[in-house]
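S.K.: Protein sequences appear in the order of chains A and B.
Per our numbering, the first sequence starts with residue 1, numbered consecutively.
Per our numbering, the second sequence starts with residue 295, numbered consecutively.
Derived by calculation from the structure, the hints in this document are not laboratory data.
All the pointers check out, no bait thrown in.
In silico EDC-like links for lysine to aspartate or glutamate, alpha-carbon gap of 20 Å or less: (1) Lys323/B / Glu126/A; (2) Lys323/B / Asp570/B; (3) Lys323/B / Glu356/B; (4) Lys29/A / Glu420/B; (5) Lys29/A / Asp276/A.
Label-pair ranges, simulated between beta-carbon atoms: (6) Met1/A / Ser353/B: 33 to 43 Å; (7) Asp276/A / Glu448/B: 28 to 38 Å; (8) Asn42/A / Glu356/B: 29 to 39 Å; (9) Pro470/B / Glu14/A: 35 to 45 Å; (10) Gly504/B / Asn42/A: 42 to 52 Å; (11) Glu126/A / Asp570/B: 27 to 37 Å; (12) Ala99/A / Pro529/B: 52 to 62 Å; (13) Ser59/A / Ala522/B: 54 to 64 Å.
These numbers come from a predicted model, not from an experiment.
Yeah, the Cβ is synthetic: ideal placement off N, Cα and C, and Gly gets one too.
There are 2 protein chains.
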Amino acid sequence: MTPFADRLAALVEERHSQICLGLDPDPAKLGGEALSDAAGDNTPVAERAGAAVAAHCRSLIERAGPACVAVKPQLACFERLGAPGWAALAETCRVARDAGLLVVADGKRGDVPVTAAAYAQALVGETPTAWGPVAGLGADAFTANPLLGRDALEPLVAAAEAAGAGVFVLVRTSNPGAADLQDLPAPERPLHERLAALVDGFSDRLMGEGGLSGMGAVVGATEPECFARLRALMPRSIFLIPGVGAQGGRPELLGAAFAAGPASGLVAASRGIAADPAAAAERLRAAVWDVSTA
Amino acid sequence: MTPFADRLAALVEERHSQICLGLDPDPAKLGGEALSDAAGDNTPVAERAGAAVAAHCRSLIERAGPACVAVKPQLACFERLGAPGWAALAETCRVARDAGLLVVADGKRGDVPVTAAAYAQALVGETPTAWGPVAGLGADAFTANPLLGRDALEPLVAAAEAAGAGVFVLVRTSNPGAADLQDLPAPERPLHERLAALVDGFSDRLMGEGGLSGMGAVVGATEPECFARLRALMPRSIFLIPGVGAQGGRPELLGAAFAAGPASGLVAASRGIAADPAAAAERLRAAVWDVSTA
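Just chain A, same shape as in the assembly (with noise of 0.2 Å):
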């Protein structure tokens, strides 16, 4: 299996994109036309809502995926609607997949090693039972937690590397809270430091032959002051940055992320992009692609 690094190297350059589509579905907001054809009105609410999910996903990335390399299911998004909810998310996996765009599970997982690796399966792996294996997402990335440490990180960084799957670890998230626990001095320099440190320890595991390592980073677009730096203690790895838009960070700021190459940041775009997604993610990728080549 090529190395996600290098996969979405190659969609990058092909599409001259960077841009990751946000996949976070509201059922609240779904109603009328798009269930009409995927359920019929005798359907339990949660296999109703699921199916509206699953439309409107496949909806956004016929419109906005064009214009993007990647989407990113927000797992939270489909779990609160249970089985039915899961379902949905597996669906969405294959239509991406079908459009030709790498996924990207933004579960945030982290636990202690026996428990990391049974959401290793859930993402990118199977899970063997009595009866056969059971696949999982069979995502091409996700995202992760890192606060449980390097032995937490290790069985989900090996079953990306079985998988040729990327992994993408929290070291500087975009909401304002964020400030309370990665900015801390810990001690002598701030705790997303330190982590931007453990990803680069692994990055040698995930490396592509084009000299980008899957082993990335979620940096916030929030902080762009951040960037060189965290460039500079990753020099190999691909950052994914959400925060662009809804939450206040500019195209414009994200150039030291690029540092690395057109296809060493993947910019997420989500509730930014919500009212015409379409014209939305083309007004986006031709920002991103500007800077990550200027």
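The hints should help you fit chain B onto chain A, whose structure is shown.
M.R.: This is chain B only, laid out in the frame that chain A set:
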């Protein structure tokens, strides 16, 4: 709704137990007879495995449940089976409730505020949809990862408050790698003490009438020397204590965790009781009750 802390305290007093039965089903180890009642021969693999997982959890609850006050399903072990796994999780939560046990959903979720609110809907709330609300798991409490800071915990606490539920925040986990980050000086005291202060700051919100708060903390049994200091920093929080048994934690060293009373700690029993669940859970119950009332 009676607050989680008071519901737990009543059960602890009634059953003289602080044992939380870990449910970490491994479908590779389940087969043969357990399945024959649960699913027919033509069922797809994931559904057969999901049915076997649900049957296994039901059997564990029947055998070990009487010595316990709660169950702790490990979400990773269910979601790796996809939609059928999530259905098995929901069924297991119902079976535990019917057996008079509290449910602690162990998913260690954590995300930016808008997404944290979606996780809360999945765990202790409901999700509005255009066709009516979809109920979540109905857990009595859940575990949460605090790396994203105070604003990311807020929606989880608010949802717990509304549902009369508890929250167990990762403060000092039981795996060896926990030391990598949680024990860093940050700068004048370890990061886990910062996390403890964060937890204590929310404790008023989930207070019971008995003086304990459902704003709890995960504190591993593998580092018992932390208990006294963390109890001083979180005088009203219930501790969820993993790591007894397979990971090396010893019940007789847990005394300081129970300084706030017999209902101020829940001891997780998982891999350590696999061989003979009924007898092993009863032995652990007696050992922990003794140390909590010494």
